[in-house]
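K.L.:
So that you can map any letter, position 212 of the sequence shown is 215 in my numbering, and since no number is skipped, the others follow by simple counting.
Bear in mind the hints are in silico, worked out from the structure with no lab data behind them. Any given hint might turn out to be false.
[Unchecked claim] The calculated label-pair distances, taken between Cβ atoms and stated as ranges, are:
1) E58 with T348: 50 to 60 Å
2) K378 with L34: 42 to 52 Å
3) P123 with Q327: 44 to 54 Å
4) V368 with A240: 23 to 33 Å
5) S118 with G254: 50 to 60 Å
6) D132 with A324: 41 to 51 Å
7) G15 with D321: 36 to 46 Å
8) K50 with A324: 17 to 27 Å
9) A148 with E58: 23 to 33 Å
10) L356 with L23: 32 to 42 Å
11) A240 with K50: 46 to 56 Å
12) I248 with R291: 26 to 36 Å
13) A367 with G345: 25 to 35 Å
14) Y130 with V368: 54 to 64 Å
Glycine residues also receive a C-beta, built at the ideal position from the N, C-alpha and C atoms.
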Amino acid sequence: MTVFKGYMKIIGQNRMLILLYVAIFFGCTILFQSTAGKSETSYQAEKLNIGIVDEDGGSLAESLTEYLGNLHHLIPVENDVSEIQEKLYYREVDYVVRIPENFYEKCIKGDEKLSVTKIPDTYSGSYVDQQINSFLNNARTYQAAGFTEAEAASALERTQSVKVTFLKDGKNTEDAPYVYYFRYMPYLFLALSGFVMGNILIVFHNPDLKKRMAASPVSGRRQSLEGILCMSLAGIALWIFVIVIAIVFFGKDFYTSGNFAYYLLNSVFMLFVAIALAYLMGTIAPNRDALTGIANIISLGMCFLGGAFVPLEFMGNDVKAVSQFLPVYWYEKANDILADFGHLTASAKGQFLQAIMIQLVFTAVFVCLVLVVEKYKRVDS
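Input sequences plus hints: build the corresponding full structure.
P.N.:
Here you go:
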């Protein structure tokens, strides 16, 4: 197991680099998770502070007061101009309504406008104007239909409570915390695999070392198998580490979720992609400096264009058309499907499996490219 030990020794020499990228990964996850806004599961209109001066006291005036009270916060206000101006100035109220005496006769049957005082040129003022006009128009409709004041007030009270609910289509209304954790995982896999495994290959592709290994009693096939074994174990160890951290950090909410196995499956296939791509980078990079540039460009570029750093929903169609040629795009698409559905429907499962299989195709393509490059190098040498 001489070759295996050599691989492991090089991995040990890169332990600080490994810790650095693990720290970057967890830092990005915590930062974006803490700043991510959560979508609302129910609709709630904006509530303002409204003062009402009721000089009428009739049933329709009470209905208007109740209507506004259901929509906003009612603030006690005296029928005094200076007090009203003072409350508006100090923003104790946003809007004041004066309901005149004989309100039904003047404003519903007649053409008199309801007297209001508000902060000029504000959205809140226009917002309440629309609500009051809606109430008055409905009241005029009932009056035109022959309703008395009491009947119109009663009818308006029955139509005031309108509850807005969202249609349930099987989708989650907000992302679980671990969604962000898995969203940034491709960067960790690509960066770490590219730098660490790429460095290993560069060392073992050194011409002098290759000659010494060729002269050793260990066959070339045995050397390749030991190298593959080491890289596989390193990749599996990294994957187990991030999954264990996810289970510890997110607890029961994660490992009892309906999509737990799918998250594991998606991340494993992304790991396969990262290892194959790292092997390709290590094969084509002539030295460590070149590897650093290649690994940075590929890991950051794929994550930005693939939807890890910028969610796919915010990308334009032209960008998405390019991103579809990147494996990270399909990983993130699968991750978004898991985020949207607490339990995958048949249609969602089909889309998820399609994204998984495309990642597998990318892995096979990278492996084929590695074989082509290595064959070319052998012929060239």
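K.L.:
Going back to the hint list, which numbers does this structure go against?
P.N.:
The structure conflicts with hint 8 only, although it agrees with all the remaining ones.
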